[in-house]
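Novice: Single-letter residue listing:
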Amino acid sequence: MAYQAKDRITSIQTAVILANTMLGAGILTLPRTVAEKTGTPDGWISVIIGGFLAIAAGLIMVMLSKPFRGKTFYEYIGQITGKWLGSLISLIVVGYFCLIASFEIRVLAEVADFFLLEGTPSWAIIMVFMWVSLYLVTGGINAIARLFEIILPITIFVFVIVTFFGITLFDVDNLRPVLGQGVMPVLNGVKTTAITFTGFEAILIIIAFMHRPEKASKAVIVGTSIPLMIYIITVVMVIGSLSVDGVVTRTWPTLDLVRSVEIEGLIFERFESFLLVIWIMQIYSTFTMTYYAASLGLSQMSKRNLNGFLYGLLPVVFLMANIPKNLAGVFRMGDFIGNLSLYLFGAMPLLLLAISKLRGHKGEGISRK
Amino acid sequence: MYGSLSSNLQKVRAITARHSDVNIREFSIAGSSVGAAIIYADGLADKDMIDQHILKVLMNDVGEETITCSILTNKVLTVSQITITHEIEEIIRKVLTGQTALLVDGMSEMLIIGTMLSKSRSIEEPISEALVRGPRTGFNETLSDNTALLRRHGENASLSMIAMKVGKRASKDLIIAYMEDIADSDIVEEVKRRVSKIDIDNLPESGYVEQLIEDNFLSPFPQVQSTERPDRVIAALMEGRVAILLDGTPFALIVPVTFSMLLQSPEDYYERWMSGSLLRVLRFAAALISLLTPSLYISFISFHPGLIPTKLAVSIMATRVGVPFSSLVEALIMEIAIEILREAGLRLPKPIGPAMGIVGGLIIGEAAVQAGIVSPILVIVVAVTAISSFTIPQYSVGIALRMLRFIAMFCAAAFGLYGVILFFLMLCVHVVKLKSFGVPYASPAVPYRLNDWKDFILRMPLTMMKRRPKMLKTKDKVRKG
Amino acid sequence: MLISAAILFLQTGCWSKDEIEDLSIYIGMALDIGEQSKVEKELEKQGAGYARKKTMTFTIQIINELKGGKGEKTPAAEQKAYINVSETGDSIFEMIREFSTRMERPVIGHHLKVIVVNEKLARRKRMDQLLDFFLRDNDIRPSAVVFISKSKASHTLETQSSTVVPAFRLLGITDNQYRSLKIMSPVTLAKLEGKMHAGMSYVLQNVVSAKGEVAFSGAAVIKGSSQKLIGFLNEKELVGLMLLSGQGKGGQIKAYHEERGEVISYEIKKLESKINAIVKNGKVTFEVEIETTGRVMEEWTPSELEINEAFTKQTEAAVKEEIEKLVLSTLAKLQDKYKTDVAGFGQRLRIQHPKVWEPMKKDWDEEFSQIPVTIHIKSKITEYGATSRR
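Chains as they are written, first to last, in my numbering: chain G, 1 to 369; chain A, 370 to 850; chain X, 851 to 1240.
Extracted from the complex, chain G is given alone in its bound form (with noise of 0.2 Å):
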């Protein structure tokens, strides 16, 4: 049947999955919400704790998942929690899904009439860009891995090189005292940055089509290690060069601290088309991936073929992005899904992982017979 998972991946395709997952809208605001948060320039420690219970997220649910060898998230549940309350966990996950992939292109609308496209009218940068990543999806998990493995090094190489030139700003006076205001504003920043981290979840769907599964925890690992470096060095260099007053009043501070660089000489002097190329090619693979996740739980829960969703869901994705009014409105749907993901990620698995321990799924005992 189609709606089964054939195609297989590697254990670096899912760390590089959930990497690209991860990155996505908030490296252009997240400069802005951790210090809105912090008040100090501590904001990167809270990242790096935002990033390590992510990482610890991400251990459950693979721990969640152990028993369950092959299976994704949503074929699962229903064993830990009986098949009707799985059914609406599965919805909610399912919605969850839309609601970010929404939020994505609707953050990449926002930025592209902003900064590159003034007067195109926001339905056609988001219907092009959903195209092409139906495109991708219908060609599966692997595809989706292979293209996501070319975009996360184009990525890092033109992050560490964009960011490099910032450092003509940087002052590393705008990043101390460190804990200079002891450390709560470092914990009231943890939630946003924590936040910014959405994606790990996805975990719980590939995970499934892992050549080896036991891999996972690595994967998890690495995958997540990754967002977290690019996630600190934008924090540090941001806020470091236009100091954490700087950036509470900007809206997109990661672009304007690139904006704020010009080099003469090279033959390029303006490097933001660099930053919103990789960022836009990240809003892209989040989008698909969490797309592609959406449909493959709606798919799997009832048992028809996938490409019906694919291109059914398609509209109510549309529909989902245009809810909020306005800019505003878009960082609270982000907010709201921060939100969301802590109690759906970030609690439910341990209370599911405890029930499961209880109901006796013991490793791998399913598929291995």
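Because the hints were derived from the structure by calculation, they are not lab data. Each residue gets a CB set at the ideal place from its N, CA and C atoms; glycine is no exception. Take the hints with a grain of salt, since some may be wrong.
[What the hints assert, rightly or not] Computed list of chain A residues with no C-beta within reach of chain G, every gap over 12 Å:
1. H388
2. R652
3. R716
4. L831
[To be verified] Straight-line distance between alpha carbons at most 27 Å, and here's what the computed DSS-like set of lysine-lysine pairs gives:
5. G/K191 / X/K1205
6. X/K1073 / X/K1104
7. A/K823 / G/K218
Since the structure of chain G is provided, determine the placement of chains A and X on it from the hints.
Specialist: Positioned in the frame of chain G, the structure of chains A and X alone reads:
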């Protein structure tokens, strides 16, 4: 079938009335004076051989009184290849391939004697794939010569050549070559399956085979590599790939193909690794340039004047003042003009072609700028694009990139940089989904295989390339001494 | 599908497309107090005009693209490389859009490099209000540099020469920072944003102009709490500030020989300045350590004086004294006259004693003026250039 010569000849004549090049020569065999006739095709059969080994022995030297089939084949005819048949139709078919039929009165068997005249071009350096360093041999149009070139490369018993017939009406020989102990048998079987499924009446060139066995005919990328160079074929075979040779064309096909192969040249391996790597990097860069430059020009000029350096923006503005067209139209005019020039240069006789390309390019470019139709910056962009596309060693890839370039230009004209990014993503998605005979087209770039990267954008020293590409799932993983 | 794609494509042609030659890029902008230009007055007489308070006049400098390239084709050699146009009103955005009614090519701000604000305007209006548009706009980059001008701001964007673009000239001068201590490192919008939002005081380079020539002359002090210009540092005081804050990248100090009174010119190769905030019994004091190394590039002392240890000591002392004089005079002006901290003392306190800083942060400029500052200076001479005597 009865053995009357005259009635047989009558039948033959009836059929060959349409074949003006088929000749019938009647004579009587010495000693017994039995009537006989040979049938051969003018130009296809080797007349010297007919004279020396058929007519001379039969008309002079035969001592036997009775002529039977076995006497002729065993004692008289000094020819290596003789087959016996009873069918007139088969005689005609064979005669038309250059063999000679011998009919003897009163004998029911008819002999078909192998007298094919092989008129083949001598082995020359391939024109389409010129190298600075490397063997100066290229395939020619004769299949046996080509297989011999492969065999002659070195003593290697595992080089297998499977012969197949293709073409329903004009049947042709086709050979599938691979290394028995290296190539993945799944791939070999897949090639055999696809070749045997070819259903067409005529195959003038291996390009037909290519198009009939490729995975995705909608893709702009060639999924089969064609080459005139035996060294290239040998190298591919040694990596575990499969070659397909068709009679009548110097172009051999290599499968499976991966994206990185398209930008590689045998020379990368003949030169030392540093220069080889450097040239490869250059070619990758050139491919990107030729693919994206015009579209980036359009998107920056028409959409994002803020993303180019101020001074550059000022000078571009100055050069574009008075240009009546939008950047897309302007770029299209020049790109199409240069494509026409290139095509014209290709069709013209060799001595004129390049000259006309240069002159045409220079004059049109200069005049267009003078007339204020296009801006000088665009002329630079177009020239750089064109030159970059010529560095790509494979003609078919160059064409693919040129086509894609136009699509990229339209994307840029619609959505600026955003369109170019989406175009690039689309292209990546396409490449990632594409497979060539079960091997992912995007390998070895993705999925990550560190070992295969030694021979990807960089060409590592030969001593470091101890293993065969993993993506081909070879039986023998190590390149032995 | 194909047809819809084709239609889409045809449609999109007119969405965001704007060919570069159909735009005017402005690279400099000057803000003055409201005073209409002749053209404007004439236009208004003809009936052009809209509801506005004529509080500001702003001038944008547009690149004259006809002048840019195509050497032999340019008909008018006397034509200037730029065009300045002015508009008066009370909203910068409104004034910019007003140009759309006056010029066939709309102006775009992607390449805005310098913003010059007139002194009088800066005294009347808050800086964060004046610059609000620039920080909000999606075209203008935060890399634009802000200047203050004692003269009419639009005059700094003028020149007699036909090849010089005044906005580029201003930007080019800031690049000479390594040669003179009188040039501050350029203050970009990006850097201003943080300071304005934090309510910190800061200085902006002052530019004066005469007959199409410009000169950097000292700096203007903007008070953080009011965001208004409160006074100027003259060139000497600016040098003192550069030494105090360690911002200087290099430059020249002129001292006089102790006994003879002859000129000794000292080139700073390396400048280090460290501000230490010391908190004792709840009282804050600052210690500044300034260390310079450099060489003597010009000295008029009579040649019978030998260059030896003693002479070097003497010279070093002279240089030190000069630096001390500069720094102290600056400090006096900042603490006593302007009562503002523009040298980064507050930053050091924040970093070194965040707990002490927190309550003082709000009224820092006032607090700062009461805090004692001690200064230690070390000047080293490493060489005497290519001339060696005896």
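Novice: Determine for every hint whether it applies to the structure shown.
Specialist: Right, here's what the structure says about each hint:
Here A/H388 stays apart from chain G, with its beta-carbon at least about 54 Å from theirs, past the 12 Å limit. At roughly 18 Å from the closest C-beta of chain G, the C-beta of A/R652 stays outside 12 Å, upholding its exclusion from the interface. The beta carbon of A/R716 sits about 37 Å from the closest Cβ of chain G, which is more than 12 Å, so the claim that it is off the interface holds. For A/L831, the shortest C-beta to C-beta distance to chain G comes to about 26 Å, beyond the 12 Å cut-off, and the non-interface label holds.
For the hint pairing G/K191 with X/K1205, the CA-to-CA distance comes to about 25 Å; that is within 27 Å, so the pair holds. Using a Cα cut-off of 27 Å, the hinted pair X/K1073 and X/K1104 is violated, with the two alpha carbons roughly 31 Å apart. With a CA separation close to 26 Å, the supplied pair A/K823 and G/K218 stays within the 27 Å bound.
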